[in-house]
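Enquirer: What follows is each chain in one-letter form.
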Amino acid sequence: MNENHVVLITGTRKGIGRYLAEYYVKKGLQVIGCSRKPVDYELRNYQHFCLDVSDEVKVKQMFAEIRKVYNRLDVLINNAGIASMNHFLLTPLRTVREILNTNFVGTFLFCREAAKLMKKNDYGRIVNFTTVATSLKLEGEAAYAASKAAVENLTQILAKELAEFGITVNAVGLAPVRTDLIRSVPQEKLEELISHQTIRRFGEFRDISNVVDFFLWPKSDFITGQIIYLGGIN
Amino acid sequence: MTPAGRVEKIIQAIFRAVDEVNQELPEGQRLKKSLDTVLFGRSGVLDSLGLVNLIVAAEEKIEEEFGSTITIADERAMSQKNSPFRTIGTLVDYVSSLLEENE
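Protein sequence lines correspond, in order, to chains A and B.
Residue numbers for the first sequence follow my numbering, beginning at 1 and rising by one.
Residue numbers for the second sequence follow my numbering, beginning at 1001 and rising by one.
There could be a bad hint or two in this list.
What the hints assert, rightly or not - Lysine to any residue pairs mimicking SDA-like chemistry, simulated, CA-CA at most 20 Å apart: (1) A:K58 x B:E1075; (2) B:K1061 x A:A115; (3) B:K1061 x A:A64; (4) A:K119 x B:L1051; (5) A:K120 x B:I1072; (6) A:K60 x B:A1073; (7) A:K120 x B:S1097; (8) A:K60 x B:E1103; (9) A:K60 x B:I1070; (10) A:K27 x A:P218; (11) A:K137 x A:I182; (12) A:K60 x B:E1100; (13) B:K1061 x B:G1005; (14) A:K58 x B:E1101; (15) A:K58 x B:G1050; (16) A:K189 x A:R206; (17) B:K1061 x A:I182; (18) A:K119 x B:I1070; (19) A:K68 x B:R1016; (20) A:K120 x B:N1022; (21) A:K26 x A:R201; (22) A:K58 x B:E1064; (23) A:K119 x B:E1020; (24) A:K58 x B:S1048; (25) A:K58 x A:K137; (26) A:K160 x B:V1052; (27) A:K60 x B:L1098; (28) A:K37 x A:L181; (29) A:K120 x B:G1050; (30) A:K68 x B:T1071; (31) A:K119 x B:S1097; (32) B:K1032 x B:D1047; (33) B:K1061 x A:R112; (34) A:K160 x B:E1100; (35) A:K58 x B:S1068; (36) B:K1061 x A:R67; (37) A:K119 x B:G1050; (38) A:K68 x B:E1020; (39) A:K60 x B:S1097; (40) B:K1061 x A:R201.
Derived by calculation from the structure, the hints in this document are not laboratory data.
Note that this is a predicted model, so its numbers are computed, not measured.
Using the sequences and the hints, build the whole thing.
Expert: Put into structure tokens, the structure is as follows:
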């Protein structure tokens, strides 16, 4: 990564997104973030947009602004995501739509608009976020896991369609990390989930940035369409 | 802006997109800047990737010219019997209708 590289991260108000925004700002990169609500922090070389990631008009306006101000985009990290844990029979359709909109539609839209900007320089790195819940087919997570299965498939197809523009598309599969996303998941469920992992511990923020860094390295230009799960899950 | 003035601006913006796409095409395959130029299909010049590049460039040039974001490849464009991407002229007409709706 060069210092003039521009990184866009979704869902930067808190949790992993905020950590990644701070992490890449510290590395000297220009970071752009977004979330529905404003952020309560300020960073140098950080610009924030308030939007819903599935709102096409707002998202396109943000990309128009990025093009006007920076005229480039090098990295997109699709971190924004929501989850809901429910028995399938008790999952409201509204919840399903919200999960699909944020997790899949948002990722789709950001990939599409980012790739338009990245192809100008024949260079781009897209990192999507998925979950071990997809690989493990976790009960109680039908909507969430299915939305991320869609993200995984999207990742692998985009890797093929965008390769000729010099854009790689990969995904990191998160194991449970202590954030708001798993706040409502009962402790015993989390422990059971962690027992499926080869390395049995909670994921840390640094585990995520480590995999993202790997995808962003200049030498990783032969790595695309890959899903790397944390904790030794396959 | 008069309707004719707006159409002229759309034409110029799309011609700028054509210039951009032509830079990537071999000399014999470059697009002529004319409303009659057939873009795609049996007598068209562009392959499918070339058309993608032109549409993406056109969206960008329109955005620069009018300060308005549009999605050219929307559901209607993809489902129309007569594709708006057939010639530069049909593309201009389609963009004009999208901008009108945006107003």
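Enquirer: Given the hinted pair K189 of chain A and R206 of chain A, is their alpha-carbon gap at most 20 Å?
Expert: violated, 23 Å
Enquirer: Going straight from one Cα to the other, do K119 of chain A and E1020 of chain B come out at no more than 20 Å?
Expert: holds, 13 Å
Enquirer: Hey, K27 of chain A versus P218 of chain A, does the alpha-carbon distance stay inside 20 Å?
Expert: Between K27 of chain A and P218 of chain A the Cα gap is close to 15 Å, so the pair holds against 20 Å.
Enquirer: CA of K58 of chain A to CA of G1050 of chain B, is that 20 Å or under?
Expert: Cα-Cα ~28 Å, so violated.
Enquirer: Does S1097 of chain B lie within 20 Å of K120 of chain A when you go C-alpha to C-alpha?
Expert: It is violated: about 27 Å lies between the C-alpha atoms, which goes past 20 Å.
Enquirer: Need the status of pair K1061 of chain B, G1005 of chain B: alpha-carbon distance at most 20 Å?
Expert: Status holds; Cα separation ~16 Å.
Enquirer: Quickly compare the C-alpha distance for K1061 of chain B and A115 of chain A to 20 Å and report which way the hint goes.
Expert: Given that 20 Å is the threshold and the Cα spacing comes to 16 Å, the pair holds.
Enquirer: Next pair to validate is K160 of chain A with E1100 of chain B; report whether the Cα-Cα distance is within 20 Å.
Expert: The given pair, whose Cα atoms are some 36 Å apart, is violated under the 20 Å limit.
Enquirer: Keeping to a limit of 20 Å between CA atoms, is the pair of K60 of chain A and E1100 of chain B held or broken?
Expert: holds, 18 Å
Enquirer: Mind checking the alpha carbons of K119 of chain A and I1070 of chain B for me, to see if they're no more than 20 Å apart?
Expert: holds, 19 Å
Enquirer: Check whether the Cα positions of K120 of chain A and I1072 of chain B lie no farther apart than 20 Å.
Expert: holds, 18 Å
Enquirer: Would you mind confirming whether the straight-line C-alpha gap from K68 of chain A to R1016 of chain B stays at or under 20 Å?
Expert: holds, 17 Å
Violated hints for the displayed structure, listed by number in ascending order: 7, 15, 16, 17, 21, 24, 25, 31, 34, 40.
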